[in-house]
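For the sequence shown, full-length UniProt numbering gives the first residue as 1, with consecutive numbering after it.
Honestly, I wouldn't trust all of these hints.
Computed list of lysine-lysine pairs in PhoX-like fashion (alpha-carbon distance at most 20 Å, straight line) [said to hold, decoys possible]: (1) K648 to K611; (2) K49 to K85; (3) K648 to K660; (4) K622 to K611; (5) K611 to K645; (6) K117 to K85; (7) K611 to K641; (8) K673 to K624; (9) K673 to K648; (10) K284 to K49; (11) K622 to K660.
The following label-pair restraints were derived from C-beta to C-beta distances [as the list claims (entries may be wrong)]: (12) L436 to I517: 21 to 31 Å; (13) L516 to R753: 19 to 29 Å; (14) K453 to K41: 53 to 63 Å; (15) V94 to D217: 45 to 55 Å; (16) W318 to H186: 45 to 55 Å; (17) W67 to G204: 25 to 35 Å; (18) K63 to L332: 48 to 58 Å; (19) I517 to Q421: 33 to 43 Å; (20) E509 to F374: 52 to 62 Å.
In short, the hints are calculated from the structure, not lab data. Glycine included, every Cβ here is placed at the ideal spot set by N, Cα and C.
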Amino acid sequence: MATRHFEKSLIVMLLVVLTISLSYTDALWRFDRWIYDAQLKLLASPASKDIVIIEVDQKSLQKLGRWPWPRDIHARLLETLAPTKPNAIALDFVFSEADQQHPELDARLSRALVSNKQVILPVIVERNGNTVVETLPLPEFARHAVLGHANVDLDKDGIGRSILLKLALGNSQWPAMPLAIFAAHHPEILTNLPGLRTETPQDGVHGDYRVWLPFFDPSTDFTRVSYLDVLSGAVPGQFFTDKYVLVGLTASGIERDLPAPLAIGDRPMSGVDFVAAGLDGLIKQTLWQPLPGHWQFLLSLAIAGIAIKISTCFSLRWLALAVSILSIAILLFCLALLHASHYWFAPSVALVVLIISYPLRSWRHFEKLIQSLFAERKRAYITLNAIVDGVIATDSKGFIEYMNAAALDIIGSKRPKTASQNIDDIFSVEIDGRPLRIAELIQQSVINHGPLKFSNSRLSISDQYVMNANLTIAPLIGSRGALIGTVLTINDIGERMIMAKMLLQKAEEQTVMRELINRTEQVSLAKSQFLSQMSHELRTPLNAIIGFAQLMQMDDPEHPLAETHLDSVNEILKAGLHLLGLINELLDLAKIESGKISVNIDSIFLAELIKDCQTLIAPLVKNKGLELIVDNPLPEDIALKADPKRAKQILLNFLSNAVKYNRPNGSISLSSKQVGDNRVRISITDTGNGLAEQEQQLLFQSFQRLGADNTDIEGTGIGLAITKQLAELMNGNVGLSSTPGVGSTFWVELLIR
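Could you build all of it, start to finish, from the sequences and the hints given here?
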């Protein structure tokens, strides 16, 4: 425990020292700039449409002459722009020397500056030998214009990413040119400037309010017009109204280029483009600044703490994934911070500390890894010994190095006494009737660059014991392509062949069984067809018998029947009606079994169904001396989704059975209740003798009367079978509960409409 605590403290100390040293020396600045430039591309927005650049391009130089131009050309430009009322006009030219030969031209430019009032001219602070000097416009120009410095500081890699909003040499303090342009129309910006405050003075130059430019999307550009087109009137005046107009050199060869992280076509920026990029950031209020040094350090230190935490919490297996996820989270945090608050957090120190925490943590697991390798080796031997197939490992010359327990069982008493015994001394193989040596098969597998598999080969063990086996020979190839060993697997298929014969016999038996089932189905179909045809054939003469019996039963005053004859006619009619009912049941059963019966699903009110069945069964109940009790607590408007005719047939079948099998002076209860959300259960309870459990299981099968054949109760035993199948055709179901000596309850469940 003490050792582990010491190791953890050492890791913490190393990471903290690394964080402090990297933050103090800024040794990773190049990586920070690379990450910044990558995120800059993700956050770049389209160039502002409020900025217009008037270019001194090649076309203008060819028409107006070599640079520099006379001052009256610039005066003409200002005179042309004055009526258009732009927000501001910035000339990216330093008029620091007077025109000695043509002083009137300087005077004209001075008057043009007075007429415009919102003209910005540049100031350049530069080194002249060992001293730093300011290059200012001529005093008569400076009096009538706003001055702003045009200095651009390049980073260590020579890329321009930032500007100083304030620059001072001695007592004079100049705003940056983009700030001077923007403040001409928004003076309130000067009271609340963004940026990193108070940089260390160098050679008397003091910079303040450093901001990093967000630049603009390289797929877009500022509005650009040629200097010549403006002077010639080719550009309408309203084009410059309420716009920031920047005038500068863009022709190649006359202005130095400024490398920038983003530019159109990945080309360096001109000075006027850089000023436009700064003004674009001010207009959008998206100027960025680096996170203050103390916050930068504290945040890096906090991430180092998180790195220490995850290095001690996560196992080595998951540590790499945790470090990767946290690294991505740091980069996303930088991007979100830059987008939301315009502060740039340099993540390289935090990322390096986080990544270094992985090897600092992992060395602690190196010893455990070695131990685990030995454990894996032991587990591998245990696993190989547990495999039912024989596994044999040899060296490159075929001498046995390892045999698992199954392989030792295969060779039995011929086990090798030493590990130097050659495999060909124990095994010989016959494949497709051709004897082969194991060494020959090993060489063949090397030539094929893969394992060889032989099914149902004859394997001889020391020419004494022969077995049928599946043999696999896999070569072990080293890093340089040389054979370093072989692995053989022997799968004894003797028992499998016996099992295959048994399965084949089973398959033949199943084929015979299927033929018997098909014959049974054919016999059942023939039976159904016979019942259907016979039912139709019997109903025709039976209807005639019933009809003539009903005619004879009619009271004829002229030819009255004797009482004995009338009793005989009544018996004929009773027997005929009973026989017709049996035939109809047989016909329904035949239709159901042949799949020809259909139900017409409709809506039927529950109360109406119960009332109709009560009316129809009442005479039978009365004749038998029974009591019928109806209990329907459900609403009268509840309707069932069923075939009205078949639903009534089911209930009447249950009610008639309750009458038939009831005891004298017994009772019948018909009740209903809702089951679940969409079903109604209708129950018929009698006070008969009840049914045993084994009888209940047979009750809904065809022609099952459960001993009623020996009584005077009429029936065929198919009514309940028909009832069950009719209920299922209507998406319902039937069931019963019965207690011997007490009675039975039959029920049917139907869907609610």
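Are any of the numbered hints broken by this structure? If so, which, sorted upward?
8, 12, 13, 15 and 19
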